[in-house]
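J.: The residues making up each chain are set out below.
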Amino acid sequence: MAYMTNLYDSSKCTACRGCMIACKEWNQLPAVMEPFKGNYSTHDDTNGDTFTIIKFMEEEDPVDGIRWNFIKFNCFHCLDPACMKVCPQQAYSKTEWGATIHDPDKCIGCQYCTYACPFHIPKYRKREDKITKCTFCADRVAEGLTPACARTCPANALKFGDRAELLAEAEERVKFLRTNGFPRATIYGKLELGGLNNIYVLTDTPDKFGLPVDPHIPKQIPFWQDWVQPWLGWLIPLALAGSATSFVTTRILANKHAGHEEPGEHVERGHE
Amino acid sequence: MVDLKNTDVALIMGSNAAENHPVSFRWLDRARQDRGAKIIHVDPRFTRTSAKADVYAPLRSGTDIAFLGGMIKYILENKLYHEAYVVNYTNATFLIKEGFNFDDGIFSGYDPDKRAYDVSSWDYELDAEGNPIKDMTMTHPRSVLQLLKKHYSRYDIDTVCSITGTPKNKYLQVLDTFCSTSAPDKTGTILYAMGITQHTVGSQNIRAFSIVQLLLGNMGRPGGGINALRGENNVQGATDMALLYHIIPGYITSPSTATEHKDLTAFLAKETTKGYRSNTPKWVTSLLKAWWGDSATKDNDFGYHYLPKRDSKKNYSHIAMFEAMYKGEIDGLFVMGTNPVVGGPNANKEQTALCNLKWMVQADLWLNETADFWTYQAWERAVHNDKVNIKTPADIGTEVFFLPACAVFEKEGTAAQTGRWVQFRWKGAEPVGESKADLWIVDQIATRVRKLYQGSTKPQDEPIVNLNWDYGHGHEPDIMKVALELNGYYLGDNKPVPSFAKLMDDGSTACGCWVYCGCMGLTPTGELDYKPMHRDNKDNSKHGLGLYSNWAWSWPVNRRIVYNRCSVQPDGINPWPGDEKRALIQWDASAVGDPATGKLGKWVGDDVPDFNVTLAPEEPGGKNPFIMRPEGVGCIFAAKTSMKDGPFPEHYEPWESPTTNKINNQQNNPCVKVWEPDKQGNSKDFPYVATTYRVVEHWQTGALTRNLPWLSELMPDMFVEISEELAKEKNIKNGRKVIVSTSRGDISAVACVTKRLKPMIINGEIVHMVGAIWQFGFKGFATGDIANRLTPHIGCANSMCPEYKAFLCDIRRA
Amino acid sequence: MKVTRRQFLKVTGATAATFAVVELGFDLNATASAIKELRTKNVTPVPTVCPYCASGCGLVVYSQTDSSGKFEKLLSIQGDPDNPINKGGACSKGAAMFNLREIYDPHNGEQVVNPKRVAKPLYRAPKSDKWEEKDWDWMLDEIAKRVKETRDASFIHKEKLEDGTEVIVNRTERIGSIGGSGLDNEECYLHSKLMRALGLVYLETQARI
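Residue numbers (the numbering used here), protein chains in the order written: chain B, 133 to 404; chain U, 4 to 817; chain C, 2 to 210.
Everything labelled a hint here was simulated from the structure, so no lab data went into it. Among the hints, a few may not be true.
Listed below are the simulated DSS-like cross-link pairs for lysine-lysine, each with C-alpha atoms no more than 30 Å apart in a straight line [stated by the list, open to error]: (1) U:K484 / C:K71; (2) U:K316 / C:K161; (3) C:K135 / U:K361; (4) U:K137 / U:K153; (5) U:K731 / B:K340; (6) U:K733 / U:K758; (7) B:K340 / B:K169; (8) U:K316 / C:K149; (9) C:K42 / B:K291.
Just so you have them, the derived chain C footprint on chain B, three or more residues with Cβ under 8 Å [to be verified]: (10) 152-161; (11) 273-284.
Glycine residues also receive a C-beta, built at the ideal position from the N, C-alpha and C atoms.
Work the whole structure out from these sequences, hints included.
T.: This is how it looks when you write it as structure tokens:
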């Protein structure tokens, strides 16, 4: 069936952050308090209890003056997801409409997906010793509802629908923006990594929004997918435990270590 | 709100709409997409609204009249006004009496001792019959248009920009873009909020908007108007119900000890004016019947004397109340879902004032900063300051009764939104613990107080003993009974009165608030039909204007766009050239207007006409669209008592200003009441312009958001915004703590050093700005210092709305 | 005459049905076992209006009830798709309304009542440094007594006007009232009526500030 996607239009987003809350509301996520560090973003990155964030970036140039760029940052639901390739437990799957779904029941919390993801989206949730990430509200979509973020966007900057149709709409929008004050407007997600299942209309180049211009998967990943997984899949837990130099193992051990502080943890607030 | 989609240009000034009214951008964006509309943002700070605007122009806080005065001059000089509209629908053609004068910032009639005007010279020249004399060519030197031209001749672009600090090219872009809406087929809207009102010239700022919009022909038309984006979900309703000292429900002046108010006859003679206000006797009598029922009779002036009469020479507004409390003149205080320890101006003083109360009753969901004003925590300060008298609980004798109120969706009732739509909220969850609806709380207090007065024969107790108070039989007051009283009912059969024009002044109807008359009807089966519950969301307008007349109910009489007579030409038949789709009503000469007499002619259209429905355009008054005004037209010149501080807005500097007034020699508004002359900060000690503001993630004092973990997460700390230039000068690092001080107090906050704020050149000198969020306090999941400890006790000359938005401060590293 | 939820359904008529109707116009079946069942399935949403800014956005409340219809807990509060102002949208504040009543504990993720909500009337005695829990009856009776005491001690029944005539003025200047802009219309109206009947002139709401 046709892929369904979110079209995010940065020229319309007012950064009200309704999507951040609606995401927490629907996915039953607690607040994660971090101190204010001089930027409205508060969180620099997603975390185990925060699947989507809005980033704020100030830009200044002699011609345009000040630009304050906002970007919704969350799982892009890549058409060919690296997380799914590397997961030793096959905890990831793709719905027939294009959502990349993570099954906590299968997850062992090894975090190799975090490392493999070009955007480092999957995050570790300590209280369950599991990885979490954006679900694309697959439970809502399965019942014919829109994802919570798209439903809540008051400014109509987020739209959920057929990927091909939204891609065409995005192309029109970019054309319009380029002739209406945003000459560098572009689409993100059409071609990147072979296509993302989240289409962005950006008013400027991706780097102005903190996005990698040419995202890529770390080089070791194909090796894992093509060699280790098919042949040694059943040995993985053992292999991981046995290899002291393995990245994954290090992470596993680190996470089992008592007192380890994760970003997802509730931290007492305060400055200096 | 939805009407924003019909605009061609939106001027957002003194509002941060994207943050404080986010859904407005849904409709502004629609206008941009469908109509090619432009959005202009004029504000001291570059905010999330500026980020989404087509044009952003900064201005120094407190210089809006200079900015708009320059716009008025630009419109007049370039003949950009919408002439047919101005001639017919405004008082631009009216002649002003000889003797009216303006000289160096002072209008005729000023008394410097009283700091007030004798307004008798601010009046129209009348003919023998008492009607204003007009010059339809608007060339007479005493015509309003010529006086306006003369008044604003001083507001040239260079002078304006040196006052406001706006870069000239940006200013010209704003003038050019917004004034394009004078074309008959274009409309422009103005959105404002507290950035406009919270000044010593707040009301005159809005007057300046009115003049601009009347000149451009933008009032009473879809996509036009002046939109106050109100900040609290039912601040409109609270105002309608007159929780304000100067009015009683329905915007009627509250009785005072003025001789003109000595009895009902005198009161009605004074308060009944021409136009729709000629119905005032019906409204007042019906209100008295609703409140005192059978005890309100013709013989006792329908209980007129039961209403309290305020001292006509006294001001009882927020600042005045806290000044009185500070002096120990108030013993008891009700605090209904508000938080003055955070939200009141000069919060150190207001917190101290609460210590002088004998008792305080507060209803709220949370123990906010006001509930906890007596705790140790409430008196912790970041910096020691001799001027702030620190107390401990043992010093504070105030008894506090805290009543837990339930949340909005744990009860039922209506709220009036910013466009006057009154919507019903159903109950979706049970109250937490023993928390109760405010309706129950008020009903209980009333019932118990009345019980204590039961049997009293003292004349002074009659207003309570005779009070008509019966909202049910069990524990829960019946909301439909309250609603019926609000709407009004016939005393015989208790049936709802269909509209306010049907109310009577003979005691046969009762009505709690005439503007709500018509909100209750009867279903075909005879049951009460509370229209705010209506949920038909089909747009009833022919051209998709988004009126949604069958969704909820709006006052008055379900009218969605007020002054809509302006949306057609004076002949009442033709829409404005090229603007057929935005004509809201039209005169239909062949329709039966009055079924009783068979008289032909009637106003018809998508919206409820804001006009006498059978008054033909060619009849006297048939072209007068502003029916609430005695003149019948929009007031470019505010005659007589309309304004306290002048018939035209004039620029005066904020009470605390970094510069001298360049347009006249009156530094400050000559009519403001100065409460604390010793607290006026000067630019030597406090060199920076400070302003306060809100963010989308928090709401008002933060009580309803800092107690929510999700919103606390998004904005966890109190911060102040400063430019990179000021940060460098003061060696302040982004994300580190600073201390901000004024003559009233100090606060600690995190510095947010940003490119979005830039120093301004004012009168040739560099002026820096400090922006402080006023939404933090010491309670909740997210806490921080209270910005209003910095703000002054001084208010607008007309409304006494505090000048939160422009004062002087100093800032340093903590 | 109380408006029950049944009545609401009647009032809202056909539009209520659209809540349950598919927003997208298609049906998708989950492919992964990881997909949870929609927790608001078959729950009737109850419309309300946002308590924050005055734009008037509608929201819908989904609650879990037991077999007898008794309220158990909140399930979700989301933008009301039928409300023409916001058409299902909600900004961060509106979307956070769930937290007004219930929150998810950051330590274990469990849903609990917001601990900041006050569940019982509280009394602070003069010069005391603590709150005491009281019952409603005691509180309301004490408040009524304070109101009467202060009113009676400070009441101005008659006063001379400028022209020398004496009229009834029926006011007390020693009791004030602030607030109300967060209350419903019906509540504001009753409050306005009661305060004025008591003779208050220091009567203000947030519109002023």
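J.: With reference to the structure, classify each hint as holding or not holding.
T.: For each hint, the structure was consulted:
1. U:K484 / C:K71: holds, 26 Å
2. U:K316 / C:K161: holds, 13 Å
3. C:K135 / U:K361: Holds, because 19 Å separates the two Cα atoms, which is no more than 30 Å.
4. U:K137 / U:K153: holds, 18 Å
5. U:K731 / B:K340: Measuring from Cα to Cα gives roughly 25 Å; hence the hint holds.
6. U:K733 / U:K758: Holds, at roughly 16 Å.
7. B:K340 / B:K169: holds, 20 Å
8. U:K316 / C:K149: holds, 27 Å
9. C:K42 / B:K291: holds, 23 Å
10. 152-161: holds (count 8)
11. 273-284: holds (count 9)
In summary, this structure violates none of the numbered hints.
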